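Following the hints, complete the assembly by docking chains X and R onto the known chain L.
Just so you know, the protein sequences line up as chains L, X and R, in that order. Counting from 1, one number per residue, gives the positions in the first sequence under our numbering. Counting from 1, one number per residue, gives the positions in the second sequence under our numbering. Counting from 1, one number per residue, gives the positions in the third sequence under our numbering.
Hints were generated in silico from the structure; no laboratory data involved. There may be inaccurate statements among the hints.
Unchecked claim - Straight-line Cα separation of at most 20 Å, EDC-like style, residue types lysine to aspartate or glutamate; simulated pairs:
| no. | chain 1 | residue 1 | chain 2 | residue 2 |
| --- | --- | --- | --- | --- |
| 1 | L | Lys264 | X | Glu224 |
| 2 | L | Lys264 | X | Asp198 |
| 3 | L | Lys264 | X | Glu164 |
| 4 | R | Lys23 | X | Asp115 |
Note that this is a predicted model, so its numbers are computed, not measured.
Next come the chains, spelled out residue by residue.
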Amino acid sequence: MNLLDVENLWVKFPTRQGVFDAVRGVSFTLGRERLGIVGESGSGKSMTGRAILRLIRPPGIVTASQISLEGDDLMVKSERQMREVRGQRISMVMQDPKFSLNPVMTIAQQIIEAYRLHNKASKSEAYAKSVEMLEAVSIRDPERVMRAYPHEMSGGMGQRIMIAMMLIPNPEILIADEPTSALDVSVQRQVLSIIDKLVTDRGMGLIFISHDLNLVADFCDRVLIMYSGRVVEVCDADKLRDAKHPYTRGLLNSLPRLDSPCGKLQVLTRDPAWSDAPSVSGRV
Amino acid sequence: MLNLDNLSVWFGGGRDRVDAVRNASFCVNSGASFGIVGESGSGKSTILRAVMGLIPNWSGTISVDGRPVDKKREKSFYKVAQMVFQDPYASLHPRHSVDQVLGETLYLHGFSDIDHRVVKLLDDVGLGAKFRFRYPHQLSGGQRQRVAIARALAPEPSILLLDEPTSALDVSVQAEILNLLTDLRIKHGLTYVMVSHDLSVVGHMCEKLAVMQDGKIVEIMDVETLRRAKASHPYSQELLAASI
Amino acid sequence: MTDIQTWRAWLLTDTPTSRRHAKLSAVYQGWLSFRGNTMAMVGLWILILLLLIAFAAPFIAPHDPFAQNLGNRLQPLWSDDHLLGTDSLGRDILSRLIYGARITLYIVGLVALIAPVTGLLVGTVAGYVGGWTDQVLMRITDIFLAFPRLVLALAFVAALGAGIENAVLAISLTAWPPYARIARAETLTIRSSDYISAIQLQGAGAMRIITKHIWPLCISSLIVRVTLDMAGIILAAAGLGFLGLGAQPPSPEWGAMISEGRRFILDHWWVATVPGMAIFTVSLAFNLLGDGLRDVLDPKDSEK
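Isolated chain L (complex conformation) (with noise of 0.2 Å):
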């Protein structure tokens, strides 16, 4: 059972030079399982994860076959209903919470606001809530980061009461887009793991967006490899080593190892025929 369904997304961008296509004709279905989307800067992930929360405002225009989330067609929501999904149904979690928390308020009233906003909760019962929520993210003294304010609080923390926040209303499936990049080796480890331990056990789905292709692949169960606005590529993880299109292929070997050391790395030569290629259905 198909969670979303995504078909023939474009996202364009008129500009003085003409009109620029971010995202071209990517197509894919999400079920319960964790889709991981690969690609640099300026291939269109994160455009995607936007586009499908209707994010991307004018002038930037958004087309679509369809984009469906169980049988509901996004599409054709006015901005108000698109209010009820986002948050609800469907949660963004984004790269740094530095930017993405409110500096001015403190943890508990972020939180408490964002219960409160989906479920008709009293004060006592939403900070129930959130410390609850608080603890399901592996945060030791729950009370007194309730107490804080972001800009006291470590990257690594930041990013799990973002996760907690976005968490709260019980979405059925959460877009992550780099929501590691920004933070330290060790702690990474620990924020993925609370996301995959927060994903099995509510059945959610998981879009992860990132430009780590060996994350992607020890994370998810699936890979999406975007190219200049077009899926080039799309594979199991655990059979991302054999991937046959030459782009993944090349950015495979172009990562230093420290297992294999060689003198030179080897580097992407970019053939355009890749972006004039049709974009390769990730629909199941």
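Relative to the frame of chain L, chains X and R by itself:
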């Protein structure tokens, strides 16, 4: 080539003093490539900036090319040591074209055949003459970093300090820049001190590395030790385990 | 047609071939951005018109602005030979308005030259050098900021006599502190950038860094601020003229004209209102221009 003895760097004074680096010592031979790894806040970038004279409060000894440096750097120091910064989007002046950036650098170091050298520098870093008059917003991240490297090479230094030169770049661009750095090192006989949080990059580029935690160097090891994951200090082992 | 096409392509290119080419290209693209803003273009046209009027005053003014005709005083609008009527001494208001444009531009030009330049110098030096220099310069700035404009103008008049130059001086002396503050704030932000560190590593001295690296980045916000302040400066000069502290009679300065017409405002409203409308229009034009410039020059696109 570079010798650090008990280097301590701090910010602020009195009660607000923050010790960013504490008693760091290491030695880099001429022509070698030395890495410094650690997490954010470990003080690795601070060491580089202190060596370059960008931070005023430090104690200990810094010797470059056998000569200890004073509190204030002389101009001759900058002909020997140069630095490449982390963020290519912040290290070029937004209103200066590539030609102005390189031309000014060459002018300040007293070169006379500036035109000729600018073209040669651009060739050296793999950009052609057609990039010469572009402004930074017309360049990609990798191209900007190449310009930053060209700027660092303009005074013909012997040692290059690299502060996470590829962490803000895409994977494919990273490979190009790392290859460029390798080539330049061989071609000009440079010494590198490279800071990174990415162990595989350091493993690829360096022969020896120091692991830093909270301002202290906890271990100095060979790259072979790194590859075989045989670190001695528990923190280094943790770092290695998290990176694989 | 093809010539223009090739010119356009040359100016919009991504690979300039020389310094001049790169600069022209940057200016052209800025111009295209500006041109897209209709209101800003309106402001620009009004100001161009003002300049032309001031320049061609002797040729387009129908009468001598100083010629009195007491038999013809306080004629209403649309009277024959006097499109905008006459004032209390029978002088043609339209001609006085036209010649008054010159005075307005004179005041505006002088203040725009003195105040922001002083502010830029003080602010950037204070911001870059820091320490005691910063403290001293900022305290001096505070002192000038605390002076009420009119009190200073009165002091000048008492000391040096009334006149338009003294009015300009008084306005400039109280107008420069905000520019110094803006320049200093920008300098503090810029000072910690990597590109400043990089040029310090080439052995550049403070003078070079301030003039060649910091000023180009401060200048755009200062230009925007100046155009937005122009309205206030015109009004300040008008206010001083109104009080008799600026342009002296029979000078056709717009503020002085309002002052003279004040007595007749109930029965002969146009004598005061027409110069007032002129001031309003020019102030509005400067505001629109400033808004448009801010959209173009504001380095929001200076990062990625």
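Going down the list of hints, with the structure as the test:
no.	hint	result
1	L:Lys264 - X:Glu224	holds (17 Å)
2	L:Lys264 - X:Asp198	holds (17 Å)
3	L:Lys264 - X:Glu164	holds (19 Å)
4	R:Lys23 - X:Asp115	holds (18 Å)
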